[in-house]
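Chains as they are written, first to last, in our numbering: chain A, 1 to 207; chain B, 1001 to 1207; chain C, 2001 to 2207; chain D, 3001 to 3207; chain E, 4001 to 4207; chain F, 5001 to 5207.
Any given hint could be a false lead.
As the list claims (entries may be wrong) - Partial list, computed: chain D residues near chain E (C-beta under 10 Å):
id, residue
1, T3044
2, D3047
3, F3173
4, I3185
FYI, nobody ran anything at the bench for these hints, they're computed from the structure.
Quantities reported herein were computed from a predicted structural model and do not represent experimental measurements.
Heads up, the beta-carbon is just placed ideally off N, CA and C, and yes, glycines get one too.
Number of protein chains: 6
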Amino acid sequence: MFLAIIFALSFLFSSSNAADFCVGDLNGPQGPAGYSCKKPETVTVNDFVYSGLGATGNTSNIIKAAVTPAFSAQFPGVNGLGISMARLDLATGGVIPMHTHPGASEVLVVVQGTICAGFISSANKVYFKSLNKGDIMVFPQGLLHFQINAGKTQALAFVSFSSPSPGLQILDFALFGDDLPTDIIQETTFLDVAQIKKLKGVLGGSG
Amino acid sequence: MFLAIIFALSFLFSSSNAADFCVGDLNGPQGPAGYSCKKPETVTVNDFVYSGLGATGNTSNIIKAAVTPAFSAQFPGVNGLGISMARLDLATGGVIPMHTHPGASEVLVVVQGTICAGFISSANKVYFKSLNKGDIMVFPQGLLHFQINAGKTQALAFVSFSSPSPGLQILDFALFGDDLPTDIIQETTFLDVAQIKKLKGVLGGSG
Amino acid sequence: MFLAIIFALSFLFSSSNAADFCVGDLNGPQGPAGYSCKKPETVTVNDFVYSGLGATGNTSNIIKAAVTPAFSAQFPGVNGLGISMARLDLATGGVIPMHTHPGASEVLVVVQGTICAGFISSANKVYFKSLNKGDIMVFPQGLLHFQINAGKTQALAFVSFSSPSPGLQILDFALFGDDLPTDIIQETTFLDVAQIKKLKGVLGGSG
Amino acid sequence: MFLAIIFALSFLFSSSNAADFCVGDLNGPQGPAGYSCKKPETVTVNDFVYSGLGATGNTSNIIKAAVTPAFSAQFPGVNGLGISMARLDLATGGVIPMHTHPGASEVLVVVQGTICAGFISSANKVYFKSLNKGDIMVFPQGLLHFQINAGKTQALAFVSFSSPSPGLQILDFALFGDDLPTDIIQETTFLDVAQIKKLKGVLGGSG
Amino acid sequence: MFLAIIFALSFLFSSSNAADFCVGDLNGPQGPAGYSCKKPETVTVNDFVYSGLGATGNTSNIIKAAVTPAFSAQFPGVNGLGISMARLDLATGGVIPMHTHPGASEVLVVVQGTICAGFISSANKVYFKSLNKGDIMVFPQGLLHFQINAGKTQALAFVSFSSPSPGLQILDFALFGDDLPTDIIQETTFLDVAQIKKLKGVLGGSG
Amino acid sequence: MFLAIIFALSFLFSSSNAADFCVGDLNGPQGPAGYSCKKPETVTVNDFVYSGLGATGNTSNIIKAAVTPAFSAQFPGVNGLGISMARLDLATGGVIPMHTHPGASEVLVVVQGTICAGFISSANKVYFKSLNKGDIMVFPQGLLHFQINAGKTQALAFVSFSSPSPGLQILDFALFGDDLPTDIIQETTFLDVAQIKKLKGVLGGSG
């Protein structure tokens, strides 16, 4: 008799789950709202779980830091859900250089160590503070911000974004890591040509 | 001479910062999009930093667990920014009971211990898995989900939400912790009256 | 001469109708914003009209009630338009059990009979009332709610949703109609194992 | 002992309910997202229920029809929830004249009688059909549409909108019921001056 | 050594650019949020630049005016970016007839000449004014509006929209340029049949 | 008799106009969605028209350029309408320095002269081109971009934004025009201290 409920309602259950989630099919067509959805019947719990943030990022580099993203491109389970994450590892002296996320606000939680984090508003006001374990800080969408290991030990933070695909524009790479002509950089940033050429050399830029 | 730039552009800087953020004024009028904004000139870095998630929540309770929110009501810096956080502490045997967030998707990252987490879709499919340190899991908006300490030690997780005010509806409190009449509960959940009355007794409900 | 207008403007008309609507192509790729659009030239008025809510749902079941949806999966004309509908039939004694719509708010209008409807807020406050013919009630997004035939005759209501794909999570099916393990249910809901097993038996659940 | 849960979680419940709803305070400041919220502690079930659509609208007028709205201005419970309703009464021969809703899509359900309803797309394609009891039809946002009683009896329909404040622009009132100068109307619609003056006379317009 | 940064961060750069833009692939599947995205590696600066608004539109027609759109269908670079443009040319005596954009608000800037522009609100209040070179005017979403050359020279304006696909419904074409039956027009607009037939004749309508 | 329509419908007209627009009250409370609305009865056409972009900006400064905004703070008529504008004047040799708009995409139309405009994507790809009169270019939200007078005459462009309050972060002012400490700039941008101090000197920064 209760089976009658099952019969009566079961078509609802199969048809309505599109509303719940849209695990990204990285090979399907992509639109302004994100990736196409995997067929619901092929989705498993593993689509909603990601282990790529479990290991310490490789900080043996010049910034002594690493950013490991879990955006929809790495973690398709967040596609369409308005949220994503990344892991920040900062060795002693490590720095996440000045950058923006064009499409999302960010919240950072310090899990280990001490991090000096800050952002600059449109009104050119600087907001920065030294954060300890358990502190959280929010960085409003699209503003320049940075994180610096302010302690004497390895630091670890997790950051979350208000978009599954927040984007990441690192200032130095945007200016010096591509083929943006030196004279355009000079004109639009007032930096000296020598400074520009020096950083282009280090960051692999041309032009 | 460069001062001329400052002069020419400075009015922009003072007028355009409304776009950047809207730190909540908890005493001002509230609208569908959130709290009113604090006057920008009174905003400091401390509005963007919250230390309330730094301490272990009190898990000396029946669920052996604690949820500590940093929603816009606790952390007004996230008002209007589409994101918020909370801290989950689970003592050995601890459980965050079955609940929903009516207004947000959630991503959880395990910082310590092992957590069995899961959700149930509209299609009545269950997705759950044991998560280890560093694993992340996403819970799509509005679906029933839970977290259980699956290890033999204290567990800690941080969760982020795709809204500054995600809401939290804990199933047992919704059903048994208020004055929802027993007969309505019985009719709409098929639970036995004895079961309902037992849980109402424990959770402080009436009716 | 007026033909010149037609000539001048006609290309607008053929290119701009993408903005008007996006009738769902249930066989095309699906994205976070909904189904792909049918080619506009194949769309007819019948794509915007649905007759599936015209007949009384089959209430010969244990809940003596039926929900007939017109979501984008059944009525592709609403795809992308932010709205959908469903029909509720409640025989005498009929009940739409406790449920949520993870992705939409709902408005109900009573067309026949008397319906006791209610919802529970995140603050565990219960809002319920007996509604007569012509009364409307709104259920905010994602909250647990229910409808009970409170009269002595068949009742009929139409409900509308703020999404073409609101989802539907019926509490009992979510808990007892799938393979969610009994011990997880017990831990996360505080229900007695006997109660869980009884309802799993009735609703076809396992685990 | 369970009281400990209540203690531990109760602050959540009081602070998080802003996410659930925002019943409009018609006297408070209004913003782009809608009315300010009533204080949650003053909200009762009556804020979520509206009886104003229960009575037949007065169709003793030239259009032999009546529109009775339940927008946020009449039914503040829908404020911020992305949905609203209205009631359409059409006496025999009644007509809801050509109109648009600038801010919402609409779904109509016929409850009594037969209604010929239609809309015109940006591509100047006309979609109209005779709808019987139980039929539903969707009208995409912002497009000109109309409803005509196509039967020999009184007709009744309920319409829902994808916004709590959809707006309503009735073509004839927009053109002829205000002080839009006759020459501007003539130039922008190609209507004859005599026709314009005739309708201005009937609809109370000047200019 | 800096190469290590490049190595460490480069995978971010290739995977995260979906957030930046979604140049429309006019041949791919279309969804409610717009066109599918061209493959990022095939995108060049020419996808973001459009020269189609550079030439004066052909105003040798009865309205002595021309609208040249740069919506996503003509300028796929704006797909998904929430903005688009069009060019308005008005010869002496030219008129952009009464129309709406169902899906966007509009801002107009006068570049040459004098334009009388106006709109009508839902409250049937008329807002119109003569605009000179450099003046801007905003037309809220979905409302009837018009532009008339109010000077003695050619006029030029650029208009921007809050959507890549704002739609365009020209009142006269909607009513008289298609096969909407005369009796329906008469019933829903109160226009005289003779007037309707006259304009249908001029605008190429039938029915 | 037609007066009956007026009577029957007039209450709609007075109550529904909130949906049309929300002219900003710069002195009222502000929320995440923008300014509070002016009382509709005090709104006139002048609230929707702005003449502040009519005059050439003062380019007698070091960048030989001027940005004149018509954001909601200057032009409250756009509040809540998802769009705004600005005027760019570039004298010969003028430059709008590298900047972002954290909250909006932008479309630029060249009205006079030749402008070299470009942006840099998250993937560190540079898109720039010389634009002539009538050319338009789109700059996706939040990305670094610039405009340079590439001709031998004064240049003029109008830019539109997909938000009434797009924000404006000029890179040099963000880095060198405030009190961001030199060592933080050095660590997060890899610029030489001498370069930083030089630009701080010119732009009025301290720290």
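Hint check results:
no.	hint	result
1	T3044	30 Å, violated
2	D3047	25 Å, violated
3	F3173	5 Å, holds
4	I3185	8 Å, holds
Hints 1, 2, counting from the list given before, are not met by this structure.
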